[in-house]
Amino acid sequence: MEKEERNILEVKHLEKHYGSVKAVDDISFRVKEGELFAFLGLNGAGKSTTINIVAGITPKDKGTVLIDGVSIDENSAETKSKIGIVFQNTCLDKQLSVRDNLTLKAALYGIKGKEFEERLRELSDLLDLNDLLDKTLGKLSGGQRRRIDIARALLHKPKILILDEPTTGLDPQTRIMVWSCLDKLRAARKVTVFLTTHYMEEAANADFVVILDSGHIVADDLPNNLKNKYAHDFLKIYDKSESLIRILKEEKMTFEETDDFVRVELKNVEAGKDFLLKHPDLFKDFELLKGTMDEVFLNVTGKELKGGSENE
Amino acid sequence: MNKNLSDLFFLVRRNIKMYFKDKSVFLISLITPAILLVLFVTFLKSVYTNLLINFIPQGAEVSSRLTDGFVAGWLVSSILATSCVTIAFCSNTIIISDKSSGAVNDILVAPVKRTVLSFSYLVSNLIVTLMVSLACLGLGFVYMAIVGWYLSLEDVTMILLNALLLTVFGSSFATLIEHFISSMGVGTALTTLVSSMYGFVCGAYMPISQFAEGIQNVLKFLPGTYGTIVFRYYFTRGAVEQLGAVLPTEAMPELKSNFDTEIDFFGSRVSNGTCFAIVGAASLLLLTAFFLVVLVNEKKEKSLRSKTK
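Heads up: the sequence lines are chains D and P, in that order.
All residue numbers for the first sequence refer to this note's numbering, where the first residue is 1 and numbers rise by one.
All residue numbers for the second sequence refer to this note's numbering, where the first residue is 1 and numbers rise by one.
If you're looking for bench data, these hints aren't it; they were derived computationally from the structure.
A quick note: this is a predicted structure, and the numbers were derived from the prediction, not measured.
Accuracy of the hints is not assured; some may be wrong.
[As the list claims (entries may be wrong)] Below, a list of computed lysine-lysine pairs in the DSS-like style, where the Cα atoms sit at most 27 Å apart: (1) Lys-112/D with Lys-17/P; (2) Lys-32/D with Lys-82/D; (3) Lys-3/P with Lys-113/P; (4) Lys-12/D with Lys-3/P; (5) Lys-62/D with Lys-113/P; (6) Lys-139/D with Lys-17/P; (7) Lys-157/D with Lys-3/P; (8) Lys-21/P with Lys-112/D; (9) Lys-3/P with Lys-22/D; (10) Lys-290/D with Lys-278/D; (11) Lys-62/D with Lys-302/P; (12) Lys-139/D with Lys-220/P; (13) Lys-135/D with Lys-21/P; (14) Lys-159/D with Lys-82/D; (15) Lys-82/D with Lys-99/P.
Pulled out of the complex, with its shape left as it was, chain D reads as follows (with noise of 0.2 Å):
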């Protein structure tokens, strides 16, 4: 996809502490128009605490944060305009209708009357939500509550559609639901998405990742770029023979032996293509894999992330 290479959103310095605890710790970033940008990063890292001061929620202690160029501070109630969020749980009125919620949302935008009915419909067919404008949010699965979430974000056509772990608790087949949406989007109105997540392969589909530890940035580029810095690509061979097994330990290289194949760790793909060449006659079936985000993660922070929590 052909992205611009404007900063839709940009963060300089900023600093937000609750008494002696440093939530958000000095970090600076940029989100480039119509890319898909993941702040990666465990429990109290400082995610939620840093979208809700671009939402405008939570005051910030110190630093910048332009949206679409305008400071939050000179004018908010433009920048929350061009700001749609999806908070990690719904927030929405659980004792209402899925119409009424999204008519109240609608109105604090201004959008009200024929404009909205015309919102609505763009949404619900975007979404597939005709089914469930009448019923009670409430009474909806979590992944239809997920759905709303999003429509109720993008009513007012935001430029940025910030997700807070968006898929946190949801199930397998309800977290491919909710991303076949957010692709959906993606593909039909070129929107820039700011996702938080502490899923890697999420984080691995993103155009741009930044690893929040403890409210520092410590690692931030293109996933592949991550890989290549932080975490080693591997070649998977499945004709095991003690012939391998002499010439890898020849030429020094580490490698772990399973039952079914021997897992050989690589400087670089470069290094994998050598090795292959030398020794064209040892492999009949093998895989090359890239290095994960797991491994950035571990690599970069000390600590494993397994569905959110910490294992270090």
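Using the hints, position chain P against chain D.
Below, chain P without anything else, positioned relative to chain D:
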């Protein structure tokens, strides 16, 4: 329409819908009137009927419709005196639940002023409390029409005026207090406390004249007491006038005092006009305090923004 007014309108509409859709909140807010009704049906009706009959000289002819009408007026005045305040506290828990559920964040990410959101809770609470209290009043009028109606048009007008004033008092009091609460546990404890206590402290469950003198003196410093007295006066005035034709003149002051249809403040009788003024002044004071709290919060937020620019 001005953006702030439009936001206020939609938020008030949302808050009112939430109250009537949330059956638990709706039912909890009706607990105090329900307790009064149960107390009345089980024993208060006979207690107050007997108390009234004790004032009637032997041989005097008083119809049971007149005594029932008087006691019914007393009951409905009790329900109104409490519901205008307790319903205000119970129905305003949305101000707390919005904070604990995060709904307030979803509202504030939109270009809505925090002050508009705060005022929306006050206005919706006022409307909801008035709606439910007037519904209770309507049912009370129907009951009184069945057992004995002695109200004049002036009485009904003054009752409505007092209901409005006491609702403003209850709503501003509830909104001011609940503005500072963010935990549903604390909110529930508060509403339970208010629901069970207010009936006693405003003299709804039993006449203030039945309390020990020290407690009576304390209650005279609470503005809600004067709202109850006004209700008592106008709900029973017609029946009291008819009783005056039968009862000895010297018994009337004691009857009025025993049933709280008038009150004295350390020896001086407090007029109905003064009672209205006390409740009105207390409401104005609470409203002013609420406006100040909201405006100070907004000012604080603005100064924080300008400091961190």
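Results for each hint:
A threshold of 27 Å between alpha carbons decides the hint, and for Lys-112/D with Lys-17/P the separation of about 18 Å falls inside it, so the pair holds. Between Lys-32/D and Lys-82/D, the direct Cα distance comes to roughly 14 Å. Compliance with the 27 Å bound is thereby established for this hinted pair. For the hint pairing Lys-3/P with Lys-113/P, the CA-to-CA distance comes to about 10 Å; that is within 27 Å, so the pair holds. With a CA separation close to 32 Å, the supplied pair Lys-12/D and Lys-3/P exceeds the 27 Å bound.
Between Lys-62/D and Lys-113/P the alpha-carbon distance is near 22 Å, which keeps this suggested pair within the 27 Å criterion. A hinted pair counts as satisfied when its Cα atoms are at most 27 Å apart, and Lys-139/D with Lys-17/P qualifies at roughly 17 Å. With a C-alpha separation of about 19 Å, the suggested pairing of Lys-157/D with Lys-3/P holds against the 27 Å cut-off. Proposed proximity of Lys-21/P and Lys-112/D is supported: the alpha carbons are some 23 Å apart, at most 27 Å.
For the proposed pair Lys-3/P and Lys-22/D, the alpha carbon gap of about 37 Å is over 27 Å, so the pair is violated. Only pairs whose Cα atoms come within 27 Å are accepted, and Lys-290/D paired with Lys-278/D is accepted, the gap being roughly 21 Å. Using a Cα cut-off of 27 Å, the hinted pair Lys-62/D and Lys-302/P holds, with the two alpha carbons roughly 14 Å apart. In summary, the hint linking Lys-139/D to Lys-220/P is not supported, as the alpha carbons are separated by about 49 Å, beyond the 27 Å threshold.
Distance restraint check for Lys-135/D and Lys-21/P: the Cα-Cα separation of roughly 13 Å lies within the 27 Å cut-off, and the hinted pair is therefore satisfied. Of the pairs offered as hints, the one joining Lys-159/D and Lys-82/D holds, with about 5 Å between alpha carbons and a cut-off of 27 Å not exceeded. For the given pair, Lys-82/D sits about 24 Å from Lys-99/P by alpha-carbon distance, which is consistent with the 27 Å threshold.
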